[in-house]
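Trainee: Kindly produce the complete structure, drawing on both the sequences and the hints.
These are the residues of each chain, in order.
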Amino acid sequence: MDPGITDPRTTDPGTTDPRSDEPGADPGTGGTDATHATGSTNATSTTNATSTTDATGTTDATDASVTTARNVSALLLALRAQRRSATVRVSGTPGGTIHLRDGLVVAVETPGAPTVEAILLKSGRISDAEWAGVCVADPSGELRGAELNHRALVGALELEVMCTAAVFDGAFAMSLSAPASWEVTDRVPTLSVEPGVEPARLTQETSRRLALLSRLLGAPAEAARARVHRLASEPVHSSRHVEILSCVNGRRTPRDIAFTLGRGLYPVLLDLVRMEGLGLVRRESRTTPSGRPSTAPRTAASAGQSPYAPPERGPLPRRSPGGHGPKSSSSPGETNSA
Amino acid sequence: MSETRAADPLIDILAALRDKVMGVSESVLATADGLLVATDAATVHPESVAAVAAATLSLGRRMAQQGETGMLRQVIAQCSGGHVLVLAVGDRALLAVVADEGLDLAAFQREAPAVVEELTRQLDADVA
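Here the protein sequences come in this chain order: A and B.
Numbering-wise, the numbering used here puts 298 at position 233 of the first sequence, and it's gapless, one number per residue.
Numbering-wise, the numbering used here puts 124 at position 62 of the second sequence, and it's gapless, one number per residue.
Calculated from the structure, these hints are not laboratory results.
Possibly wrong hints are sitting among the right ones.
Unchecked claim - From the structure, some residues in chain B lie toward chain A, with a derived Cβ separation under 8 Å:
{"hint": "1", "residue": "G85"}
{"hint": "2", "residue": "A169"}
{"hint": "3", "residue": "Q171"}
What the hints assert, rightly or not - Computed far set for chain B versus chain A, every beta-carbon distance over 12 Å:
{"hint": "4", "residue": "M84"}
{"hint": "5", "residue": "G96"}
{"hint": "6", "residue": "A126"}
{"hint": "7", "residue": "Q136"}
On a predicted model such as this, the values are computed, not experimentally measured, just so you know.
Don't be surprised by glycine CBs; every beta carbon is placed ideally from N, CA and C.
Mentor: Listed below in structure tokens is the structure:
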């Protein structure tokens, strides 16, 4: 894709939905064309999203702002105002889970980006056995960070950096698809960062990332879902690029590469932009249509001409002077076969 | 051979599953007795996956029987680095799906019935 040809809407990423024109949008979530998860600060139309609060059941003014939130970022701001500790479950493709403590975002889990656990294990930073030990020591699930620190597996500062990065990366991944609906539920224990990220800052940073990638790649959602192919073997200098190339096989998307390496989606996308510039890789937008593939039997091209094809051009059948009708055939479709 | 021609739409269905569900990386369609029918895979060894998947499904059925938990729907192996799911495709075939740890399981459960139905319809031609 030519980065020079950008969608005019990408000039204002805060109000655009990068997925609205994506052919792969799931028809199951159709009708929710309005907002994307956290990047949107200004909902341009009302959604049919259902937002429910079942945690308190009270109906004061702040609760009303939660139930009437037009998009996820507005919802997070409303929950921040209430200093709620809760879990926001966003359904969609892929959707995700946003964990809040005192209204601050402490963790984001989504199929679109690796969690801290996945990053720690996939990158080989800690082993399976070590992680299993941590899980045994902390059955509640709330103190995994402290346990990792206590066992001298991961330093407190390192973990804070990783968790914060995962929050921003998860929010970015979720912003690539429009949420179908959301639900605010009770808090659920998870590996989280203390104290957490301000929702306003998260929204701002997500918008910045979307804007940057829109400028570099065109529609970021499409880029994140495109298959990456290796090009001719140019010399590769960066070890990160070598690492990425090792898992480029023409089938993996940037999101798949991020999971394979145990790195964030956004940094992988940025690396891929550079690698594309160096002529190392190319992206291929998916070719499958949005619907299911046809199960009609596919006939090979050799099976002959389609009965619906127009007749070949050429002179019409000619009547001979004898008056015995057309010489070859009465069908206009079969022309001068002789 | 009619067999190779019939495999084409099957692979399309498997590839479409990979497109539709985030996290799905490979899939293998096998006969109930573990012979490879069609595959959309790059890193796994499809014949081996087909064979082991057939054993897994049989074992899962017996497990369900022992547990008295009704009909088996699918077997999910949750691993440190991903998932392997095995589900029946009609009576004569099965589908094994390899996915990473970020698998969108909700989307998989949403898409799986339609995929199984399409595969079943394609395979019905074998006995027609």
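Trainee: Indicate, hint by hint, whether the structure satisfies it.
Mentor: Structure-based check of each hint:
no. : hint : in the structure
1   : G85  : 5 Å, holds
2   : A169 : 6 Å, holds
3   : Q171 : 12 Å, violated
4   : M84  : 5 Å, violated
5   : G96  : 25 Å, holds
6   : A126 : 27 Å, holds
7   : Q136 : 18 Å, holds
When held up to the earlier numbered hints, the structure conflicts with 3 and 4 and fits the remainder.
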